[in-house]
Amino acid sequence: MRFIKKSRYLLVLIFNAYLPSSIAVDFNKGSLGESVGASDLYRLVCSGSAGDYDVDFKVIDNSASFLNDIPPQNLNVRILKGATEIGRLKAESSSVDEILIPAVNGSYSLLVDTLGGNSFLNNPQIFTFDYQCRNSGGKETRSSGFTKGQVKKIVDGKVLKYTLQCNDNKSISPSSTQYLYVKIINQTELRIKDWVGRLPILTSQVTSSQMSLNTSDLAGDSLYSNKVNVKSNDGLYYISVNNSAVSDGFVNAKKYSFSYSCAGVAGENVQGVLSVVQDQ
Amino acid sequence: MIKKLLFNMVPLLCSLPLMAHDLVGVLGPDGSSTDYFQVDCSNDQSGSGDSDRLEASIIGRTSKSPAISLQARGNDILSNTSDNIGGDKNASRTIVVADRVTNGRYFLTVNKVSSGITKYEIKYHCMGPRGHTGTQLSSVIQNQ
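Chains as they are written, first to last, in this note's numbering: chain A, 1 to 280; chain B, 1 to 144.
Just to be clear, a hint being listed does not mean it is correct.
Computed footprint of chain A on chain B; a stretch qualifies when at least three of its residues, placed anywhere within it, have a C-beta under 8 angstroms from a C-beta of chain A [unchecked claim]: (1) 25-35; (2) 72-78; (3) 81-88.
DSSO-like mimics (lysine-lysine), calculated; alpha carbons at most 27 angstroms apart, straight line [unchecked claim]: (4) Lys-227(A) with Lys-29(A); (5) Lys-81(A) with Lys-170(A); (6) Lys-119(B) with Lys-231(A); (7) Lys-58(A) with Lys-119(B); (8) Lys-148(A) with Lys-170(A); (9) Lys-58(A) with Lys-227(A); (10) Lys-123(B) with Lys-227(A); (11) Lys-89(B) with Lys-227(A); (12) Lys-158(A) with Lys-148(A); (13) Lys-193(A) with Lys-227(A); (14) Lys-170(A) with Lys-139(A); (15) Lys-255(A) with Lys-193(A); (16) Lys-193(A) with Lys-64(B); (17) Lys-183(A) with Lys-139(A); (18) Lys-119(B) with Lys-64(B).
Because the hints were derived from the structure by calculation, they are not lab data.
Keep in mind that this is a model prediction, so the values were computed, not measured.
Backbone N, C-alpha and C define an ideal beta-carbon position, used for all residues, glycine too.
Take the sequences, apply the hints, and build the full model.
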């Protein structure tokens with residue numbers, strides 16, 4: 001039994017000795033600024049091979065990997081008594097805002113607009129209202145107007161107007177209205193695909209003295225770009241990272257990561273030293 | 001068959017000189033396709049003096065093609081410019097690469113963001129303090 005165990009151990013050692021050594025993969029993180037044409041430049045020096053070199057490389061755009069990275073769409077509500085604004089709400093995509101304001105019996109207007117949100121996303125937004133007229137003790141007085149909880153839709157750039165009425169509730173005391181409570185629920189989900197489609201595309205080039213290859217990656221997922229393999233006869237490479245933007249803008253800013261590995265002439269792992277040449 | 005043959009020949013037509021310091025090329029269908037050139041700047045004794053920078057721009061010549069980009073690299077500096085709408089009359093913005101040495105050597109790479117055959121034209125000029133200087137496309141290192 002002991003002999004079998006020992007033999008197995010020897011077999012594993014012999015087997016491993018004939019396997020090619022695995023290639024070490026290194027990673028690097030970086031970011032690009034908002035200026036058009038921003039490019040990061042790295043120098044990669046592979047050394048230790050008796051002949052040519054191979055570099056495997058792939059890159060990932062991490063810019064819109066989380067919903068928090070995407071500027072939301074807005075719904076703004078102005079609450080008016082006559083021509084006087086008495087309250088304001090703002091609900092971003094998939095969020096809620098509410099307000100309790102001093103009020104009296106009478107008519108109120110709610111004006112809804114889409115100003116100030118993500119200017120690249122122009123899809124209609126959907127929302128619902130809840131509202132309540134209340135007396136000084138917080139009990140509900142009578143209210144009428146549009147249907148509470150009904151799903152409504154607003155086209156980007158439009159303004160919608162709703163009216164409601166507060167009245168006495170004779171069954172409570174005091175019966176008259178002292179407060180108005182309004183809540184807006186923005187049910188619009190951020191359209192990640194639409195947003196990503198508006199972003200410049202992250203591109204990266206790996207260049208040696210004899211060849212150059214490009215690879216690109218779309219934001220909004222956790223997938224790397226296609227891998228490129230670039231050969232060199234001296235081990236000196238330049239890696240550049242940029243994007244397809246054609247004008248300045250906050251959408252140009254990118255967070256990215258790339259992986260790289262140096263291999264020698266026989267496919268063996270060799271050392272690669274990466275240094276930053278330009279950081280924009 | 002003939003159509004397929006012509007399709008395969010398109011990338012081979014890359015890099016035909018159009019006029020001085022203009023270059024027409026075609027990137028092949030693969031998304032990683034890259035053309036790679038070497039440009040040498042010099043004092044051509046025309047009175048413009050030594051060259052201190054390279055100016056370059058690109059325009060995509062194929063409609064509905066992927067966005068196309070040009071990178072120009074000097075010793076330790078790189079600039080990038082893109083043309084996102086192929087087939088129109090608007091070129092990318094012009095990039096200026098000012099190397100730390102006079103009469104420098106620059107490397108140009110041209111690529112695109114996704115697959116699809118794309119024709120392009122680049123303009124490149126070495127410049128000095130008194131105008132245009134000697135500009136030589138020294139090598140087509142790679143033509144894909």
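Here is how each hint holds up against the structure:
1. With 4 residues having a Cβ less than 8 angstroms from any Cβ of chain A, the region 25-35 of chain B passes the three-residue criterion, so the hint holds.
2. A stretch counts as covered by a chain when three or more of its residues have a beta carbon under 8 angstroms from one of that chain; for the region 72-78 of chain B and chain A the count is 4, and the coverage holds.
3. Here's how the region 81-88 of chain B fares: 4 of its residues keep a CB closer than 8 angstroms to some CB of chain A, so the rule of at least three is met and the hint holds.
4. With a C-alpha separation of about 17 angstroms, the suggested pair Lys-227(A) and Lys-29(A) falls inside the 27 angstroms cut-off, and the hint holds.
5. A C-alpha spacing of about 23 angstroms is found between Lys-81(A) and Lys-170(A), which places the hinted pair at or below 27 angstroms, so the restraint holds.
6. Only pairs whose Cα atoms come within 27 angstroms are accepted, and Lys-119(B) paired with Lys-231(A) is accepted, the gap being roughly 26 angstroms.
7. This hinted pair checks out: Lys-58(A) and Lys-119(B) have alpha carbons roughly 26 angstroms apart, not beyond 27 angstroms.
8. Only pairs whose Cα atoms come within 27 angstroms are accepted, and Lys-148(A) paired with Lys-170(A) is accepted, the gap being roughly 22 angstroms.
9. This hinted pair checks out: Lys-58(A) and Lys-227(A) have alpha carbons roughly 5 angstroms apart, not beyond 27 angstroms.
10. Annotation: proposed proximity of Lys-123(B) to Lys-227(A) is violated, straight-line Cα distance about 30 angstroms (limit 27 angstroms).
11. Straight-line distance between C-alpha atoms of Lys-89(B) and Lys-227(A) comes to about 34 angstroms, which puts the hinted pair past the 27 angstroms bound.
12. Using a Cα cut-off of 27 angstroms, the hinted pair Lys-158(A) and Lys-148(A) holds, with the two alpha carbons roughly 21 angstroms apart.
13. This hinted pair checks out: Lys-193(A) and Lys-227(A) have alpha carbons roughly 23 angstroms apart, not beyond 27 angstroms.
14. Between Lys-170(A) and Lys-139(A) the alpha-carbon distance is near 12 angstroms, which keeps this suggested pair within the 27 angstroms criterion.
15. Annotation: proposed proximity of Lys-255(A) to Lys-193(A) holds, straight-line Cα distance about 18 angstroms (limit 27 angstroms).
16. The hinted pair formed by Lys-193(A) and Lys-64(B) meets the criterion: a straight-line CA distance of about 20 angstroms does not exceed 27 angstroms.
17. Between the alpha carbons of Lys-183(A) and Lys-139(A) the distance comes to roughly 17 angstroms, so the proposed pair stays at or under 27 angstroms and holds.
18. With a C-alpha separation of about 11 angstroms, the suggested pairing of Lys-119(B) with Lys-64(B) holds against the 27 angstroms cut-off.
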